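Protein chains in written order, with my numbering: chain A, 2 to 390; chain B, 2 to 390; chain C, 2 to 390; chain D, 2 to 390.
Derived by calculation from the structure, the hints in this document are not laboratory data. Keep in mind the model is a prediction, meaning the values are calculated, not measured. From the three backbone atoms N, C-alpha and C, an ideal C-beta is built for every residue, glycine too.
Simulated crosslink set (DSSO-like; lysine-lysine; CA at most 27 Å straight-line): (1) 36(B) x 366(A); (2) 354(A) x 180(B); (3) 35(D) x 36(A); (4) 180(A) x 354(B); (5) 359(B) x 79(A); (6) 36(C) x 366(D); (7) 359(B) x 180(A); (8) 79(D) x 7(D); (9) 180(B) x 159(A); (10) 354(B) x 159(A).
Beyond 10 Å from chain A on every Cβ pair, some chain B residues (computed): (11) 7; (12) 13; (13) 44; (14) 66; (15) 69; (16) 77; (17) 79; (18) 213; (19) 282.
Each chain, written out:
4 protein chains.
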Amino acid sequence: MSHKFKPTSKHKFSFGLWTVGNPGGDPFGQPVRKKLTPVELVHLLAEVGAWGVNLHDNDLIPINATSSERQQIIDEFKNALDETGIVVPMATTNLFSDPVFKDGAFTSNDSKVRAYALQKTMNAIDLGIELGASMYVFWGGREGVDTDASKESIQSLKRFREALNYLCEYIKDQDYDLKFALEAKPNEPRADIFLPTTGAMLGFIETLDYPEMVGVNPEVAHEHMAGLNFVHAVAQALDAGKLFHIDLNDQAFGRYDQDLRFGSVNIKSAFFLVKLLEDNNYDGCRHFDAHAYRTEDYEGVKDFARGCMRTYLILKEKVDRWNNDSEIQSLLSEINADDGTMDQYLGKYESNKAAALKTQNFDRKSLGERGYGYERLDQLTMELLMGIR
Amino acid sequence: MSHKFKPTSKHKFSFGLWTVGNPGGDPFGQPVRKKLTPVELVHLLAEVGAWGVNLHDNDLIPINATSSERQQIIDEFKNALDETGIVVPMATTNLFSDPVFKDGAFTSNDSKVRAYALQKTMNAIDLGIELGASMYVFWGGREGVDTDASKESIQSLKRFREALNYLCEYIKDQDYDLKFALEAKPNEPRADIFLPTTGAMLGFIETLDYPEMVGVNPEVAHEHMAGLNFVHAVAQALDAGKLFHIDLNDQAFGRYDQDLRFGSVNIKSAFFLVKLLEDNNYDGCRHFDAHAYRTEDYEGVKDFARGCMRTYLILKEKVDRWNNDSEIQSLLSEINADDGTMDQYLGKYESNKAAALKTQNFDRKSLGERGYGYERLDQLTMELLMGIR
Amino acid sequence: MSHKFKPTSKHKFSFGLWTVGNPGGDPFGQPVRKKLTPVELVHLLAEVGAWGVNLHDNDLIPINATSSERQQIIDEFKNALDETGIVVPMATTNLFSDPVFKDGAFTSNDSKVRAYALQKTMNAIDLGIELGASMYVFWGGREGVDTDASKESIQSLKRFREALNYLCEYIKDQDYDLKFALEAKPNEPRADIFLPTTGAMLGFIETLDYPEMVGVNPEVAHEHMAGLNFVHAVAQALDAGKLFHIDLNDQAFGRYDQDLRFGSVNIKSAFFLVKLLEDNNYDGCRHFDAHAYRTEDYEGVKDFARGCMRTYLILKEKVDRWNNDSEIQSLLSEINADDGTMDQYLGKYESNKAAALKTQNFDRKSLGERGYGYERLDQLTMELLMGIR
Amino acid sequence: MSHKFKPTSKHKFSFGLWTVGNPGGDPFGQPVRKKLTPVELVHLLAEVGAWGVNLHDNDLIPINATSSERQQIIDEFKNALDETGIVVPMATTNLFSDPVFKDGAFTSNDSKVRAYALQKTMNAIDLGIELGASMYVFWGGREGVDTDASKESIQSLKRFREALNYLCEYIKDQDYDLKFALEAKPNEPRADIFLPTTGAMLGFIETLDYPEMVGVNPEVAHEHMAGLNFVHAVAQALDAGKLFHIDLNDQAFGRYDQDLRFGSVNIKSAFFLVKLLEDNNYDGCRHFDAHAYRTEDYEGVKDFARGCMRTYLILKEKVDRWNNDSEIQSLLSEINADDGTMDQYLGKYESNKAAALKTQNFDRKSLGERGYGYERLDQLTMELLMGIR
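Just chain A, same shape as in the assembly:
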């Protein structure tokens, strides 16, 4: 049984340095775990069976490092990657920790901060490329307001767009093989963050100069903070060809950013997420952007990391089971039965189709009386999830 749920490189399970390396500080408490070095974290990830490691520039290189320190750190880190076989599929910029970004990075009211943010991102992109990343994530944690008095929101969107256009050009100019993935979050650490949902990001991307270079990085916790169905958000991204990366974790609706172990809050929504990804052959990273409870030491961190991957694989097996459960599938066939009589009206518009449709008589009453069988379908699903079928 345990063999069955063992992660391998084909599953593309990755973790951020900041996830297993999270020392457990929070707004009300000090760190509880000593900081491990990036090299130690790579070895920890190898030990638990992960495939990739992602990073913010400053997870690896201190913001004050000299260029020789920088190079030494990179060399040691690459060594660790070589030793373990761990890869770096994605990189990103820390534009939120340093006080300089307290009013935002690309949308700060201070032009020097905006310029510095661009500089820092170009350098961080260079670092990502050096480490082999092919995906670059933008999470604008400070790109927002604590009071709407402080920024005109349209101007802020223009500033954010200008920065992304600039950086797309930089990628092209450098001939880097890199795509951008925008990560939305509704609030925290700002009262309101701009472009708060995956949907908003999808809308925004279409206003960029190079929309084809830019997709999204939806995160379970971030949509759940707004009480939104994450599966639907990811489906919209897939439908638009924009699911470039994904951040897996878990989170109760409407709470602060909990970043809990994947699947540890709501099995059902995690199941439908895995089903969506697997049924649609998503072939990007399965990145876990989560961290262990603050009660844990590093043994607990490993339990946490193993649990993320294991739960994904357990649910993947349940997806197969659901797709092959004869009672479920026969009920689905019944639900989706179509006698084809509507084909003459539906599909691509034609004038005569529409004219014919306008004269069609529908038996509204009997259509309204139909029972759809969703209670039974949902109960069968829950029982399958609980291992009863």
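Given the coordinates of chain A, work out where chains B, C and D should sit on it, guided by the hints.
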């Protein structure tokens, strides 16, 4: 004073028939007000000083009406419009009340329901055109799920897209002068409604065949249900040139769909909304999609309708005051001061600009120590809102 | 397998007439199922294997019924109970549907409404007694405000207390064997309902004249609407000896009142609830206050009802499994290991104990470094819930 | 005008050392303001016009301080109090920052931690007494779980009760003149904190050995995190004689713990809170448990602190205005008109009263048709709040 806040036609204040005509039923209680006829409602709106009236097809024409009944109702309604000068700027389809739509309209799993929804919408569009509407709203209240087991979300998006494409073609085919505005809502009456936020709609529009025909109709209450900043959602729509219509009301974050009197929950967010609309010369309808408390009789309904408009005008006056408050404006100048030294790096990308920027030294520490003055700015704003300045 | 999860009378599974009899109307749509009679509903409940049926006065007796109509209805209903063996463990008053209660019942600003609410409740109590109920629930759906301008909240609490004291005296005066259970809900249908949580009810009970006669009826959906941990609310009620009744259903956090099938949203929280009830030998009713999706016909309603009970029993079996899982239990022993050295300081206060404790040296650092093993424990729990152990 | 809203000692405005001293760190960013010493903070509070300063033990005394260091710090602090006239009305224990408390303090699964928490609290109480505090607050930020697997909730309540009983005895034993005020919070930093609302605390207090020594310290932000009406929570506390202290700030519903400037999110709810406190002659501290935006330097911190007090006083003046507005008051009289005919039925129960009431005929229909005038009342209130009346 009361003259100052009197609505006129230039303010384009409209109400739906279903708003002032809401009889006060709710999930736990029966209607408390007798139903008024559409003609009576038009006169009520004229009495309180509204400019426009909007409607779902079945607000005016019962779903079972014969065509002669239909014509008689339309004639009487047009008469009332003529008598009062009230216009019909927007129309929409009721695709949610009848049991036939219990599993959705354009996204129902039953192809007959999908076909019927198209037919009903074409007829309702014809009605809207006949009444002079130039904007057509889509609120897909039933386009969602109670369990994700019941629908594949990507397929549902495809179905929704197919219907909108069909209807855009219908408009073109009929040579109607009509635009579409999509209205998002996260949940209620379904557990999860597809495309739950204004941002999601903006993303979706770009996947349509005729995106230029389609914009959004954001609603305060619907974004607030997800705890999202409504001003930011509207700003994104304006920035994208997609604010085709707006539904004004109020609502506490995270609650059921309250549809309260405009500005009656949160003065501050209502103020920044009015400011956004007025500062950006939004010239569409100010539509109030709200209804009176269930404790009210029709005198209370009129108080409610008058209050919506009056609060908008009070806040509009406060916007002028804020824009001309010398202390606020001087603080804003200070906050946004820019010595121009970054102009060489920012703006449109150029290789040499980027190269120069990469070598620039930033005094990160002193930038991080800057005080932005937002507490003072926000307090001045609150005092202005409370009439103390 | 199916035998294993078959409900019997010892499980005390009850449903309200209003649950399986819910015709599927909602704020945006008409009823979708024809109304069944109370007698038909009793037979439906017998068919699915329920033990009890609960009711509001007007679920059985129309508000306008004459006393002879009343008696005939009761006789027929009792017949159905006799035929099926179904019992009536709980009754309650409908103080929310009729327009008369639009401003509240016991807390209305109209003294005639307050008096009528008392009268109606006394009559409904008489009915409950006649049907054999030993528990009487109060859900004050209208006892709240849409604006705080309308009621002084302290006065409202006084009015609510006065009514409950009055009705306790009525019970004593009539020598009825009946207890009261107060059911909290934070909002909907009012913007804010007084005493919004189970905790608030527990506090309020202690201000009554006969607190021993009054307990609580917590409901999953109602605490979840406020994003609160339901298990903790029920634990507080149990701890206080006040868990007189319970309303089982399910609900996503922060949503409108969904009243979904028990366990159909969150398996984990449903599991810990069943565990709490079973581990503490709760012997009251397991009442399902939920209803079928609006997409269902009466076959779906039966699926829904069967699913509620079946999921409870599946989770009950998982509780046994958890309590007997050697890895989980051994981990718990480790977590809760206590060498007894603190016994000298803890427990009941004594002066010398406290003095000794004040001089004790604690190794704060090593206590802070302890790993609690909760990630592992939680992962084991999730796997047990998914049927993997 | 500015004189009118000047704080004086009679207003009892207090701030925690941790509020104006908050250096602006958050889960995603480093501190932005240098730490001021307690002495500097006392002078800052004097400068802005505050009356009192509150503190956790470790806001003043580092957790590692020797007893001579401790005494020196206290002496310097008392000096600052003497120089400025600032008083210390309330004290509390930090049972959440140190890693030792990561699993809770009084409810930790580790008996040594529980014992240490008692010891630390006794010492902190001694400190509070030495500084003149007469109120002692308990906020159990870590008293909860990240997974319900980790603690039995009933056992946790027992542990928490045991600790409070112990500490009440300690107070009595030491003959301290001190009361306890329990502060509820639903979540953050734990996934779920026990006794999550003010109401839950009120219920819990009645299970203690000395309920008369213990009241509540409700906080705006904490109830708003659960989307609950704060005014109603405070009203329940006042009604029960348990409003021992209050934490004023502001917060959007359903968000992480924002701790914003008082009245800066929602003027209306802040107004009804001030109205409740003032109308009921609450004579305890008005404590601001909030902090400045992270964008601010110490000038901004002062703006923040001044704004808290000023907004309170502006709203207090509006309460007077509301209580004396003739249109509002006359509308209220109408709303609350009572012809006295129900007096024979209402009030204290009597058998013959109840019998008479049962035979009374109510005109349910006309009672249901009554218009309550709340839309008008609420609109008048909003206009008063906006300074239009």
